[in-house]
Amino acid sequence: METPTLARLFNTLDMGTLLELLLILAVATLLIVVAQKLVPWLADQLHGIRRLYLLAMVPLLRLAILVAAFLLVVPLIIEPSFQNMVALLGTVGLALGFAMKDYASSLIAGVVVVGEMPYRNGDWIEINGIYGEVKHIGMRTVKIVTPDDTQVSIPHLRIWNDPIFNANCGLPQLQCVADFYLHPAHDAAAAKLVLQDVALTSPYLFFDGAIMVSVHEKPWGTHYRLKAYPIDARQQFRFISDLTVRGKAALLRLGVSFVTAPVLADKQA
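Heads up, the sequence shown is in this note's numbering, so the first residue is 134 and it goes up one at a time.
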């Protein structure tokens, strides 16, 4: 069996074929832009789990459009035979493997991300110490916006070696924690009850979520962690601030003393 030459591998491109290729690429580009603009806009009109489900459709739609465009373009450029396809894919695979190993790895990881969904649009994730909301899942990178409103692009290849921390995993709620460090000489039962009441009276509280106050006795004092869920994950920082401000005021009314920063730093060191 003869090895296919370049002349046998590629079709002759006439003006009609070139116009058809341009039309396919233009339509695919337009559909991707519409999907990436329209679907998030529609999602922002919704709330809760429906918003996150719709946001998760964006990378799936883009991948479907790219696959469909690829299947339409390849037969126009290459003589559609098994021998030609094996030769082309082998050549492309070797080129990608040697010349663009990391880039190809990110592209493959992007396909894995779409399938396994370790993170989706609307999720709050932490990768390599960077925490923020997933705004866009591209073929090579995931773009997240940090609490300081900084956009960060992270290559998908991070999923091969780095742990991915997902705070809400496609759900509208995530657990928030407010920390309090108190002098050990106080009524722990009363302090715990006060903090539970603070969470119950927050305007951001998701009432179907659990409220928990964990108490840890340390050599330098008592560490309280007030854990609860806001109505929407995007409210997490306002929720934590509300719990912290009102929790501190309620504990002061109870007559509790807080551990000072110098003492806390010295004990932790």
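Just so you know, these hints were derived from the structure itself, not from any lab. Take these hints with a grain of salt, some might be off.
As the list claims (entries may be wrong) - Below 27 Å or equal to it, Euclidean Cα-Cα: the simulated BS3-like pairs (lysine-lysine) are:
#1 Lys268 - Lys325
#2 Lys325 - Lys276
#3 Lys170 - Lys325
#4 Lys360 - Lys381
#5 Lys268 - Lys360
Now the hints, each set against the structure:
1. Lys268 - Lys325: Violated, at roughly 37 Å.
2. Lys325 - Lys276: 39 Å, violated
3. Lys170 - Lys325: 46 Å, violated
4. Lys360 - Lys381: Distance ~15 Å between Lys360 and Lys381 Cα, so the pair holds.
5. Lys268 - Lys360: 26 Å, holds
Violated hints for the displayed structure, listed by number in ascending order: 1, 2, 3.
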